[in-house]
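S.K.: Sequence:
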Amino acid sequence: MLNKRKRNEFRDVGLLILRIGLGIMFIIHGYPKMFGGPEVWSEIGTAVQYLGIDFAPMFFGFMAGVTEFFGGIFLILGLFFSPTVFFLLVVMLVAAAQHLGAGDSFASYSHSIEMGVVFLSLIFIGPGTYSLDKKLQEKRRHHRY
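So in the UniProt record's numbering, spot 61 of the sequence shown is number 61, and the numbers just go up one at a time.
By construction, these hints were calculated from the structure, which means they are not laboratory data.
Check each hint, because a few of them may be wrong.
So the derived label-pair ranges between C-beta atoms look like this [as the list claims (entries may be wrong)]: (1) Ser108 to Phe86: 22 to 32 Å; (2) Pro32 to Glu138: 16 to 26 Å; (3) Asn8 to Ala56: 40 to 50 Å; (4) Gln49 to Val13: 35 to 45 Å; (5) Arg141 to Phe55: 39 to 49 Å.
Built from N, CA and C at the ideal position, the CB exists for glycine as well.
Produce the entire structure from the sequences given, and follow the hints as far as they go.
M.R.: Spelled out as structure tokens, the structure:
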């Protein structure tokens, strides 16, 4: 059995692995959305209609791509962590609403819901020790004294 100190150390390694894995996947998912152009953005942006928003689908589609692509990068770095996971959570909620509203199968919407649960959890857990947010926090603390 691991002692508490070792568990905490491994917890931070686990969070790093989780951030890197999710980050890579969201970069891969976000890249074609972000660089797909107006047709792709408009198609993706129609998802917000299931939330009663029926204007600017191109803007919302582009923002979904930006959120996934840069969100993946920020996840890996552990930078701007809280806002990043919040915006990724919002994208997952919109995706789930779109799949549910379209009457898609459980297999279609379960991934969005699962990722939403992960991002909601990460809001409370934080990025861990091996993150730029943590390093910047330590640097600010040392400059105050």
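S.K.: Which numbered hints turn out to be false for this structure?
M.R.: Hint check: 2 fails alone, others pass.
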